[in-house]
Amino acid sequence: MKKIVIKNLKYKYPLTEDLALKDISFQIDEGEFIGVIGQNGAGKSTLCQALVGLVPHFYKGAYGGKVLIDNIEVGESDINTLSTKVGIVFQNPFTQVTGSKLTVYEEIAFGLENFGLPQNEMRNRIDYSLELLDIYKFKDRNPFALSGGQMQRMAIASIIAMKPEIIVLDEPTSQLDPQGSEEVFKAIQNLCREKITVIMVEHKIEKIAKYSDRVMILSNGQLIDFDVPEKIFSRDDLEDYGVTAPAFTRICRGLKIKNKDTGLYPITIDEAYDLVVNQNE
Amino acid sequence: MKTLSLYQDRDSIIHKVDPISKLYYIGAAVLIPIILPTVSISFTCMLISILILTLGKVFKKVIPLVSFSFIILLSIIIIQGLFNKTNKTVFISLGSLTFYKEGLSYAFKICMRVINIICAFSILILTTKPSDIIEVLVRNGLSPRIGYVLSSVLQIIPQMVSTMDTIKDAQRSRGMETEGSLLMRMKAFIPLIGPVVMNSLISTRERAMALEVRGFNSKVKKSFLNEEFGYKYSIAIKITIILLLALAVIWRIIT
Amino acid sequence: MSKKNMWSFKFTTASLVLIPAAVGINYIGKLIAASLKLPLWLDAIGTSLASILAGPIIGAISGAVNNIIYGLTADPVSFVYAISSMAIGVTVGVMAYKGWMDNIGKAIVTGLVVALVSAIVSTPINIGFWGGQTGNLWGDALFVYLTKSGFPTFIASFLDELVVDLPDKVATIVIAFLIFKGLPKKLTLLYNNNNEIEKL
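The listed protein sequences correspond, in order, to chains A, B and C. So in the numbering used here, spot 150 of the first sequence is number 152, and the numbers just go up one at a time. So in the numbering used here, spot 13 of the second sequence is number 18, and the numbers just go up one at a time. So in the numbering used here, spot 2 of the third sequence is number 210, and the numbers just go up one at a time.
Mixed in with the good hints, there may be bad ones.
Calculated lysine to aspartate or glutamate pairs in the EDC-like style (CA-CA distance at most 16 angstroms, straight line) [stated by the list, open to error]:
| # | chain 1 | residue 1 | chain 2 | residue 2 |
| --- | --- | --- | --- | --- |
| 1 | B | Lys90 | B | Glu107 |
| 2 | A | Lys165 | A | Glu196 |
| 3 | A | Lys62 | C | Glu404 |
| 4 | B | Lys227 | A | Glu123 |
| 5 | B | Lys224 | A | Asp80 |
Ranges between beta-carbon positions, derived for each pair [claimed, not checked]:
| # | chain 1 | residue 1 | chain 2 | residue 2 | range |
| --- | --- | --- | --- | --- | --- |
| 6 | C | Pro360 | B | Leu79 | 42 to 50 angstroms |
| 7 | C | Asn213 | B | Thr171 | 37 to 45 angstroms |
| 8 | C | Lys394 | A | Ser176 | 17 to 25 angstroms |
| 9 | A | Lys206 | B | Gln176 | 50 to 58 angstroms |
| 10 | C | Lys314 | B | Thr260 | 34 to 42 angstroms |
| 11 | A | Gly244 | B | Ser178 | 28 to 36 angstroms |
| 12 | A | Gly118 | B | Asn204 | 20 to 28 angstroms |
| 13 | A | Lys206 | B | Arg179 | 43 to 51 angstroms |
| 14 | A | Lys197 | B | Thr168 | 38 to 46 angstroms |
| 15 | A | Ser176 | B | Leu79 | 55 to 63 angstroms |
| 16 | B | Thr168 | C | Phe359 | 43 to 51 angstroms |
Rather than coming from a laboratory, the hints here were simulated on the basis of the structure. C-beta atoms are modelled at their ideal positions from N, C-alpha and C, and glycine is treated no differently.
Okay, chain A solo, but in the shape it has when bound (with noise of 0.2 angstroms):
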């Protein structure tokens, strides 16, 4: 069974004219990290929150086709239910701290409490996710004295102490600066091992191409392409749609260096390396 399921999703906020979303479909299996690249107002966040059901229950709006979460239907249900089973991380750290909560401890303890767990089982959750992320170390301190990476760190421990099957990531190191971010995509490789799937709405283009099994292009509200990534750097119109290939790839196409089994360019520094130091031979 496939894990996340869009068919014909359409969208549109209140009082706007045009749709943010137009006529989606697509598939994804468990376990997969998925990229989502294109330019800003493409449509990227609202996908990400209708995955999580924001999307129409948090705006409203006009909503149309179907987003099935394992079978079940986002606009459907509503957003306490689908959250144990799909959780979202924002791009900025401050305002997912709920301000409630004096350590970073008790703030992922939020959303268990909510759901009523008990308390042997909210520290477990929270002892794995603060190790998971790595700030064990912090979680006596409030959440509002960490750094940016720190604090958006806790964020995904908040939502993984949750244990959803499904995690997005809209744009996660866009206001962190460059420690934070490396300290943000340490984190999500450690994610990838515990095989969640993952969907990730990145402007770093070398991280989605490390890290995805799949990308997708969004643009003006619709699915451009949905490949593995070496397809979809391999265009030629990528810019059409605000999205610049890696630097390698780039170099590469640049330098018309190929790959010859496939045809198309590499992706990862290492291909780019071994293609280019053997082209001459």
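Using the hints provided, position chains B and C relative to the given structure of chain A.
For chains B and C alone, kept in the frame of chain A given last:
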């Protein structure tokens, strides 16, 4: 990060009393002087509050709280002493100003009432952490969502104030005048508060989304991470207070 | 919007999260007014905005939470005046709902009404607590003058409070109006409870 609080951390017996008993006490300290409006009752209540504050080792900290109201109390003494409608008996004359006994006595009653109320509230405020007050209320039936609203105010305000300084500097560097005539200063108000409002409304939307995906509106009965704090003597205190209130009412009816 | 919706107790997450923001804006308004040395309190702008955006009930709760938190963390006397803050929230909410915040002229009228309501609600508290005074220099001077001239205490006290409230509340409401008009639609319709999901 400082949270807003007047809580004083001390090892005292009053600190171990539960917040709801303290709320009962405040109720009694406010109501009994109203039911039995004599000077001796007010004075007794005040003494009891001071005693409790001393037991709680926080008596010294009440003084700044009372001094908040110091100027207005002083002005009340002066104004009532000079101008109260029922003034007849001269108490003291300073130059052309004559202070009367009736007015001064009325002012004195007011001062006692105010100090009484401040002391009673201070017992709660100085010996209990705001977060504990809220947690106890939620355990006892307050909607967890309202409990959230109250707890988050305590941390969100210092956050907003710290972003305020950045905005002030940014606006000043754009040539906004913050000194000068009244009109000039008034014109500076909106450019200073505008960004704060905008920021906080955007944050509000993002925070609301983040809360919703963490089960904020879950219909399940909430659980608590921490064990309930073992407060002492709760039932005994509450019963005593209710009895005293009942006594006061009966006394009033009899006399 | 039907009449029932103004008084609805169904709180959305967004309107609840608005309350701490409103209290913060109240606090910062007071800070800025003090630092600019303005002769006004301007400590109810947040409550007013919350009322305009989310209605009288959220406005009232914002007012109450404002005084409760201020009472717990700075000055216990604030607890006693929670009712005044709530009254301001309700008044602005109702007036805004009925269209009295649609242009600057109407906003000024709303300011006058709020000043009146605030004075009416605060006067019994002022009389019961402070014997009729308000602690404001000009207001109390008027109180003395009126008392000496033979006016009953409740009138002297009411006018004492009104003299303070009129400039302060009218300025507060006008400022809230100007800020509200400057807000993007995206932010304001979030608190509009009435949207339903349309089918496409």
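Here's how the hints hold up against the structure:
1. B:Lys90 x B:Glu107: holds, 9 angstroms
2. A:Lys165 x A:Glu196: holds, 11 angstroms
3. A:Lys62 x C:Glu404: Judged against 16 angstroms, a Cα distance of about 6 angstroms means the pair holds.
4. B:Lys227 x A:Glu123: holds, 14 angstroms
5. B:Lys224 x A:Asp80: holds, 12 angstroms
6. C:Pro360 x B:Leu79: 42 to 50 angstroms: violated, 25 angstroms
7. C:Asn213 x B:Thr171: 37 to 45 angstroms: holds, 38 angstroms
8. C:Lys394 x A:Ser176: 17 to 25 angstroms: holds, 19 angstroms
9. A:Lys206 x B:Gln176: 50 to 58 angstroms: violated, 33 angstroms
10. C:Lys314 x B:Thr260: 34 to 42 angstroms: The hinted range 34 to 42 angstroms is violated for lysine 314 of chain C and threonine 260 of chain B, with Cβ atoms some 55 angstroms apart.
11. A:Gly244 x B:Ser178: 28 to 36 angstroms: With Cβ atoms ~34 angstroms apart, the hint holds.
12. A:Gly118 x B:Asn204: 20 to 28 angstroms: violated, 34 angstroms
13. A:Lys206 x B:Arg179: 43 to 51 angstroms: violated, 33 angstroms
14. A:Lys197 x B:Thr168: 38 to 46 angstroms: holds, 40 angstroms
15. A:Ser176 x B:Leu79: 55 to 63 angstroms: Holds: the Cβ-Cβ distance is about 56 angstroms, inside 55 to 63 angstroms.
16. B:Thr168 x C:Phe359: 43 to 51 angstroms: holds, 47 angstroms
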